[in-house]
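Work out the full structure: start from the sequences and follow the hints.
For the record, the sequence lines run as chains A and B.
Taking the working numbering, I'd label the letters of the first sequence as residues 1283 to 1841.
Taking the working numbering, I'd label the letters of the second sequence as residues 129 to 688.
To be clear, the hints were calculated from the coordinates, so they are not data collected in a lab.
All C-beta atoms, glycine included, are put in the ideal place defined by N, C-alpha and C.
Possibly wrong hints are sitting among the right ones.
[To be verified] Mimicking DMTMM-like on lysine to aspartate or glutamate, the simulated pairs with C-alpha atoms at most 20 Å apart in a straight line are: (1) Lys1530(A) with Asp276(B); (2) Lys1530(A) with Asp307(B); (3) Lys1531(A) with Asp171(B); (4) Lys1531(A) with Asp307(B); (5) Lys1531(A) with Asp276(B); (6) Lys1530(A) with Glu308(B).
[Claimed, not checked] Quick partial rundown of chain B residues pointing at chain A, CB under 7 Å, derived from the structure: (7) Arg261; (8) Glu273; (9) Ser274; (10) Ser314; (11) Tyr331; (12) Gln333; (13) Asn359; (14) Leu362; (15) Phe556.
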Amino acid sequence: MLPRTVLFVLLTTSLLPGPYFERPLAVMVGSASAETHDSSSLVSPQNSNDDKYSLRGSVVNSLTGEPLRGVLVQVYLNGQSSMLTGADGRFQFDNLPAGQSTITVRKPGFFAEDDFQPSERGQGLATTGPNSSPVVLKLIPEGVIYGHIIDDDGEPIEGLPVELLVQHLQNGRKAWEQRTGAVTDEDGNFRIAELPPGNYFLSAGPSRNPVTFPAKLAQPGAQGIPLVYYPTGSELAAAAPISIAPGKKAEINFTLSPQPLYRVSGTLSGYSPSESVSLLLRNSAGIPLTYNSRFDAASGSFRIPWVPPGAYTLVADAPDGHGHSLTAAVPLTVNADVSGVHVILLPTVNIPIRMSVITSRTGTERFGEQENYFPAYVQLVARNEGLSERRYGSQQVGETGASSLELQNIAPGTYRVEVNPNGPLYVQSAMFGTTDLLESDLSVAPGSSPQPIEITLRDDVASLSGTVSLDNRPLSATILAISEHASATPRLQPTDATGGFQLSFLSPGAYKILAVDHPDRLEYSNPEILRKYLSKAREVMLLPDQSAKIDLELARVGE
Amino acid sequence: MLVQKLLAVLFLMTFFQQAHVPPASPPAPATPSTFRIKGRVIDAITGQPLARASLALNPSNSLDNPNSPDSGRVEVADAEGVFAFAGLPPGKYVLSARRRGYIEQMYQQHESFTTAIIVGPGCESENLIFGLRAGASISGDLVDESDDPIRHADVMLYHQLFTGGKRRTLLVRRVNTNDEGHYHFSDLNPGTYFVAVLAQPWYAQHGVRHRVKQENQDVNAGGLQPLNEQNQSLDVVYPIAFYSNASDLPGAAPIALRSGDLAIADFRMRPVPAMHVLVRTPATDSNQGTGVTVTQTVADNDTIFLPAEVNQLAPGLMEVTGVPQGRFNLVLNTQHGNAMTHRSQSVQIQDDAEVDVTRSTSSPVVSGVLRVDDGSPLPPSARVRLRSSAIGEYFDTAVSGTGEFSFKENPLEPGNYEIMIIEPQGLFIRSLSSATAKTSGRSFEIATAHDVSITINASRGNGRITGVAFKKDKPASGVMIVLAPRDLKGNPALFRRDQSDSDGSFALNFVVPGRYTLLAIEDGWDLEWADPAVLQRYIAGGESVQIAPNQETDVSVKVQ
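Okay, structure coming up:
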C-alpha cells in the first residue's frame, strides 16, 4: 500500500529530451526590438560552421527602463545556455554558433512580454552572426492587490474569501476568468500578487461559516457576510474594475456588515431513489454556493441553510438510473426564509442530427453511412450562464456503418448553435423545426422530445484572397470575414508577413471583410462594437465556386 | 470527558442545527424543568474579561451522532465577557469558546479532554470561568543570497511535545511564503517549536552530467546535452534549512512560545552545488515502469518529498540531480501490473556518488496473523500499520477475516519496525511473537533478507469503568483520572485516562480485561504519568479494580 506520509509522484524516466530543450525557430527574423541587427546577419548555418559568435544584450524593467539584475536569460543554440544578468542588467553568451534561436528571460516578480502577446511576431528571437548587435529585452513588473477587511464595529474579519475576476476577450467574445484569490488572515488582511496588467473585479465573501455578532443578537438565526463586489453591491454588473498597470500595487479595503442568512427548503420529485442528487444554488454570476445542502431521498425534502440574500437559480441534477440525466432549474429570490419550493426533475433531451451533403455535380447524397466520417460537427453553446460559457458537442451514436450524430443530455434552455464543416463544405441551411439556426438560437423546452436538427451542406465553396496594406505598405494583420447570417461568428484568418491572405471554404453570400492589427483586443462577436469598424470594411458578394480577390486597408483596434 | 471530534466541527454542527432552534424563551425561574449554563470568558493569563467571544454548546451525546435532532446553540459574550445559555433541558453538555487572537478550546481542556457540564436540579452550572489563552505566532521572511525574497518556499512548523509520556517532535503546520517571501503561523499553543524551510533557487538549471558510452561511440542518450560552462553556477540547490542556520533538527534552535508571544524567524538561503547521482536500478522489462523518488527524514512523523529531478540515461541507469549533499532515502517505485511496490534505501549522497539499488529484488516481506485472545471475530475493515522507526514511513494493509495480513507491496530494508492496529478501535496489542524476527513490545527487528512472519496477540478492550472522583467528600471536577495496569512497566497500551466532569463523574472505555489501579490526580495534567517511577507515588492512594471481559463497573475514587 502507499505510504501515508510520502506524497507519491512518479518522476519521468523517459528517453525524451530534457525539460529545457527547445528547438530553435528557423523563422525570418522581424524586428526583435528597436535596436536589432540588419538582415545581412541571416547567415545560414552551413556557411560558417566553425566560427563562434557572442550574443550580448541587456534586460530592462518595461515600466521604468531600469536595468534588471539577476534575470535568467536562456538561448537554445547548440544546446541550452543560461545565465543571470549582472548588476547592470547585461548578459553575454560566448562561443555560440551562428544561427537564430528564441531567447527567453524571466525573474520572479515579472512577466515576459510573450506572456501577453503571443501573436507579436519577432518577439524573443535572437540571431548570432558576424554583424549582430546587442538585444534589449523587457520584463513587465507584476501587480498586487492587497487590503484589509473589517466589520462595522472595526473588528477585522478573518477567514473571508477574496476572489478576483478578470474580463478578457476570447474568440471575440467577452469572457470572465477567475484568478487565484486569497483568504483574509487573523488580522483581516489579504494579498494577491503575481497579477498581469489588466482590469480586475474583486469580490469579498461569502463567509464560510456563519457567525453571530453581538449587536445583532435580537435576530435569531445565523448571520454571515454575503458576497460583495468592489466597491459595493452584490451584483457583478454594478462592480467597478480595479485597473492594474504594470507594477501597480492597489490597496482595497472593505467594511462589511453581516447580513441574516436564510434557509431555502422544499421538495424534489422525479428522482430515482437509488441515485444521488446534486442540488446547488448558483448566483447571478453562475457561481455555486458551497454550503451543504441536505436532501432526504426518503421524503424528497431538501434544505439549503445559510443562504445570503440575493437572486439565484436552484439547479438540481441526477442520473435517472438508465444512463441518462435528469435536471431542473428554478429561479429564486431570497430575502427571507423560502420554503415549499417544489422542484420537478425532468429528463434532459437528446437531439438527433440529420445531415445531407449536396454536391454541385451529382445532386443530393445522404450521409451517415460512411465509416466514421461526418461532414460536420455541431456544438451548442449555452446562453445566460453567467460567467462561464458551457459547450455541448455532438456525439456519435450507433454502430459503425449505421452511426449518426446526436447532442446528448441537453438541459432545457437557449443555445447558440455552431456547425463546423469537416472539409471543403459550407452550411447551406440548419433548421430546428421551423427555427432557422443560422439566424436564431435553439430553444429546448422542459420535458420536450425535440425534432432533429436538419443540416444541409454544399461543396461549391467560395474563397477569397488578397492583401492588406496601410499607406500603400503591405503589412501583416488578421482578416475578419463577417457573414450576413446573424448567428455566425466572424471567421478569422491571419495574413502572411507581406499582408497576403487566403480564406477558403467560405459559404457563398454577402460579406463584410475587415483587416485589423489586434484581433485579441476586439470584441468582434458584439455587433455594436463591430459597427464602429465597418467603415473600413469592404463589402463583397461571393457566388458558389467563386474565387475572389480584394485589397484592404488596415483598421487599428482602439482608435 | 474525552472528545474526539475537532473543535471546528463542534461550531459548525451547532450552526447547522441552529436553524431549527426557536428563539430562546425568556427564562422562567419558577419552572424547574429547564436550566442555565452561565459564566464569564476571560484571558487565562491576565484575567481580563473577553468581550465578543463566541461560545458553542452541544449536548454530549450529539457529538457522536452529528445528524441527531438535538439542538446545538451559539451565544456571544457581552462586553464583560458574560454569556448565558438558558432554557436547557437536563443533561450533559460540552462547551467550547472561540475568539480572534485566542486559541479555540473546550471548557477546561487538557489534551483532548474537557470538563463536560452537567445541567439539572442541584447541579452547579452558573458560575463558570472559561479561560482562553492568547495564541502565539511565529513569522518571518526568506531571502536568497542576493537579498531577493523567495516566494512559494515550503515552510514547516514542528512542535515538540510530550505525548504518551514521551518527547516527540511532530510536523504540525505547513505554509508557503508569499510574493514578499513572508510566512506566518498563528493561533499557536504555548510550547517549543522549530521552523524549517525547503526552497529551490528559482533560476536553478541542473541538466544532466553523465553520458552513456555505447561501444566506442560517445552517445548522448535521447539527445541530452552536457552542461555548458556558463551553466555550472546555476546548478545549485538550497539544502533544507532549520532556524537558525542549522541543517537538521538536532542542530536547530528551539523557539519557546508562551501565550501571546510573537516570534520572528527569518532565513537567508545560501546555494550549494547540486549533486548528480547515478542510480543503477534492476533492469526492468518494458512492462514495468520504474521510478525513483528522493525523500528526507526530518522528524518523528515526517518524511519530506524532495523535488529532485530524475533522468533515465539507459534502462536500469538513472541520474538524480537537484539534491544537495546529505543523507536521503532513495525510494525505488516499481510497477508490477496494477500494483506498485516501494523500496526505500537510506544513502549518503556526496561528491556525485553512484548508488546501486539492484541488490536483491527479494527484499524481506513482512506478513503474519492477528489473533484476538478471546477468539472473537475481526470486522472486515480491520487494518494494521507498519512503521519504520528509522525513516518514519508508514504502510497500511488490510487484515482478512481469518486474521491474515501481508505487507507484500512494501518490501523492506533491515531495521526496526513498529506494528499498530488501526482498525478496529478497541483492539490492543498485548505482545508480538515471531520465529523469524526479534520482537520487543510492539516492535520487531528485520536483520536478514528473509521474509518475516509475525503473530500479533491482541486483546479486546471491551470493559468500561465509570465513577465519581471525590475530594474531601465532595465531587471534584477537572481532575485527571488514570487507570494504570497492575504492572506499571508493562504494555503502555493498557492505560486509560479521562477528565472528571462538572459533577465529578468520569468514564473509561475500551478497557482491556485485567487488574488495575484507578487514580484521580488533581493538577495531574503536567505529570509524566507514563513514567512508572512518577506514577508509583500515587498507587497507594488509588482504588484497585479488576475487570472481566465485557464488564461494566462503577467506582468512586479519592482525589490525590
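Against the structure, the hints come out as follows:
1. Between Lys1530(A) and Asp276(B) the CA atoms are separated by roughly 19 Å; this keeps the pair inside 20 Å, and the hint holds.
2. Only pairs whose Cα atoms come within 20 Å are accepted, and Lys1530(A) paired with Asp307(B) is accepted, the gap being roughly 14 Å.
3. Annotation: proposed proximity of Lys1531(A) to Asp171(B) is violated, straight-line Cα distance about 38 Å (limit 20 Å).
4. Using a Cα cut-off of 20 Å, the hinted pair Lys1531(A) and Asp307(B) holds, with the two alpha carbons roughly 12 Å apart.
5. Between Lys1531(A) and Asp276(B) the CA atoms are separated by roughly 18 Å; this keeps the pair inside 20 Å, and the hint holds.
6. Pair hint Lys1530(A) plus Glu308(B) holds up; C-alpha atoms about 15 Å apart against a cutoff of 20 Å.
7. Interface restraint check: Arg261(B) against chain A, minimum CB-CB distance 15 Å, threshold 7 Å, status violated.
8. Interface hint at Glu273(B): violated, since its Cβ lies 10 Å from the closest Cβ of chain A, which is beyond the 7 Å cut-off.
9. A cut of 7 Å between beta carbons decides the hint on Ser274(B): the least distance to chain A is about 6 Å, and the hint holds.
10. For Ser314(B), the interface hint holds, since its Cβ comes within 7 Å of a Cβ in chain A; the closest pair sits about 5 Å apart.
11. The closest approach between the C-beta of Tyr331(B) and any C-beta of chain A is roughly 4 Å, which is under the 7 Å cut-off, so the hint is satisfied.
12. Restraint check, Gln333(B) versus chain A: the minimum CB separation of about 5 Å is within 7 Å; hint holds.
13. Below 7 Å, beta-carbon pairs count as interface contacts, and Asn359(B) has one with chain A at about 5 Å; its hint therefore holds.
14. Restraint check, Leu362(B) versus chain A: the minimum CB separation of about 6 Å is within 7 Å; hint holds.
15. Given hint, Phe556(B) at the interface with chain A, is violated; its Cβ is 21 Å from that chain's nearest Cβ, farther than 7 Å.
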